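Below are the chains, spelled out letter by letter.
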Amino acid sequence: MDEFYTKLAEILEVDEVREDSQLESFPAWDSLGVLAAIAMIDSSYGVNLTSTELTGVKTVGEFARLVESRRKA
Amino acid sequence: MNFTFRDKRIAGILTVLPEHEQKFADDMRNFDFPKARSLKLKQVMGYDRHRLVSAGTCASDLAVFGLRHLFEKGLLTPDGLDAMIVVTQSPDFFMPPTSNVIQGELGLKQDLFCMDITQGCAGFVVGLIQAFLMLEQESVSRVALVNVDILSRKVSTKDRNSYPLIGDAASITIVERGTDPSPIYANLKMDGTRREALMIPAGGFRLPSSPETAVPEDVGDGNFRAKDNLRMDGTAVFNFVQVEVPPMIDELLAFAAVPIDQVDWFLFHQPNKFMLQKLADKMKVPHAKMPSNVVEKFGNASGVTIPTAITLNLGERLQSESFQVCLAGFGVGLTWASMLMKMGSMRFCGMVDYPEQGDR
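Listed in order, the protein sequences are those of chains L and P.
The numbers in my numbering rise by one with no breaks, and the one at position 31 of the first sequence is 31.
To convert a position in the second sequence, counted from 1, into my numbering, add 73.
Source of the hints: derived by calculation from the structure; they are not laboratory data.
A few of these clues could be false.
Sample of chain L residues at the chain P side, in silico, Cβ under 10 Å [to be verified]:
id, residue
1, Ala28
2, Leu35
3, Ala36
4, Asn48
5, Val57
6, Thr59
7, Gly61
Mimicking BS3-like on lysine-lysine, the simulated pairs with C-alpha atoms at most 27 Å apart in a straight line are [stated by the list, open to error]:
id, chain 1, residue 1, chain 2, residue 2
8, P, Lys362, P, Lys231
9, L, Lys58, P, Lys370
10, P, Lys415, P, Lys182
11, L, Lys72, P, Lys357
12, L, Lys7, P, Lys108
13, P, Lys96, P, Lys351
14, L, Lys7, P, Lys115
15, P, Lys115, P, Lys262
16, P, Lys355, L, Lys7
17, L, Lys72, P, Lys355
18, P, Lys415, P, Lys227
19, P, Lys113, P, Lys262
20, P, Lys115, P, Lys355
21, P, Lys96, P, Lys113
22, P, Lys113, P, Lys362
23, P, Lys231, P, Lys300
24, P, Lys115, P, Lys415
25, P, Lys81, P, Lys96
26, L, Lys7, L, Lys58
27, P, Lys115, P, Lys362
28, P, Lys355, P, Lys415
29, P, Lys357, P, Lys113
30, P, Lys182, P, Lys146
31, P, Lys362, P, Lys146
32, L, Lys58, P, Lys182
33, L, Lys7, P, Lys357
34, P, Lys370, P, Lys81
35, P, Lys96, P, Lys108
36, L, Lys7, P, Lys351
37, P, Lys81, L, Lys72
38, L, Lys7, P, Lys415
39, P, Lys108, P, Lys415
40, P, Lys351, P, Lys262
On a predicted model such as this, the values are computed, not experimentally measured, just so you know.
Just so it is clear, CB atoms sit at the ideal spot from N, CA and C, and this is done for glycine as well.
Work the whole structure out from these sequences, hints included.
Laid out in structure tokens, this is it:
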């Protein structure tokens with residue numbers, strides 16, 4: 001999921017994100033950032049998540065695992 | 074559900090745009106949001122400027138102006154109309170229907186089937202389906218399909234989710250019997266369980282407007298809106314479109330037995346540039362075949378965006394040439410509908426500005 005981290009960093013407008021990075025700590029993690037992330041995982045991984053499903057997700061690592069689990073499902 | 078229609082055509086389209094143009098740069102001042110993020114929003118979504126009516130302007134005003142324009146230019150005769158379908162979510166009144174208001178204002182004949190349809194972003198395709206059904210009757214040889222919405226009057230200026238993209242407009246599409254041998258294909262789906270993704274919560278009988286429903290509430294992320302205002306769940310709508318629209322188009326083309334590369338233009342509803350480009354990518358359609366320039370120039374006027382995309386991008390050409398076009402609308406309901414048809418040799422296909430009548 002290194003590619004996922006790179007793509008998410010781009011959306012969050014930072015050089016890199018770590019597994020334990022808190023999503024809420026990024027100023028770019030607003031409604032536009034969430035939409036951009038949802039669009040990215042749709043086009044790159046074929047996974048459709050709603051913003052409601054993302055409300056419980058706190059860290060970048062949790063986000064990555066959610067995408068990964070939905071990919072297998 | 075699938076539909077097939079024969080011997081029908083679109084004879085002309087006129088888009089009516091309020092002349093007042095508002096810039097996104099000015100909207101930004103109302104948002105409780107860092108400027109850099111507003112500029113990012115502008116860049117990603119393709120927001121730039123939008124056309125808005127003044128406070129007193131109603132749906133019928135835009136429609137009457139457009140129809141009168143066609144009568145005066147000799148492009149349409151009042152007595153030649155047998156039906157008028159008005160598709161709107163912003164009627165002049167709960168009762169009577171806006172179609173009757175327009176009929177009365179223009180003094181149209183009594184032998185006129187007036188019908189209002191409450192539909193949003195799928196309203197152009199739904200309206201065409203209804204017009205084609207009416208044309209099956211011998212007594213109906215020409216239908217005026219009026220799509221009109223003035224929803225800017227229902228959107229909170231402090232709601233960054235909806236305000237920058239909203240636009241007001243009307244279109245008049247003349248639908249007649251035709252002689253082109255190729256049938257018109259359409260399909261349509263609806264899902265009322267997801268009806269709350271796009272709604273105006275207050276103002277109907279379920280929750281009448283009151284001083285309480287007019288109070289702007291902090292809905293998070295720096296946005297404020299009242300229950301009287303339009304509410305859109307942006308990510309839910311985005312997902313709905315990406316999940317439902319591509320298979321709908323696949324089914325339409327399979328039903329019509331037309332390969333995707335034989336479609337000249339994909340004239341889709343215009344929610345914003347971002348959503349359309351993602352849709353084009355998913356469908357593997359070149360961006361050049363799917364115009365996405367309506368929101369940046371005029372804003373999103375729900376059911377009017379497809380006719381606006383047509384008159385803006387193909388207005389001149391459709392009067393002399395003919396194209397295989399695929400239309401698709403998706404939104405309120407939820408509703409998603411598409412249509413494959415030959416479009417061309419129109420008597421008119423253009424746009425006019427509606428002059429402001431009063432103070433803004």
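ask   = Okay, which hints does this one fail, numbers in order?
value = As far as the earlier hints go, 5, 6, 7, 8, 9, 10, 15, 18, 19, 24, 25, 31, 32, 34, 37, 38, 39 are violated by this structure, in ascending order.
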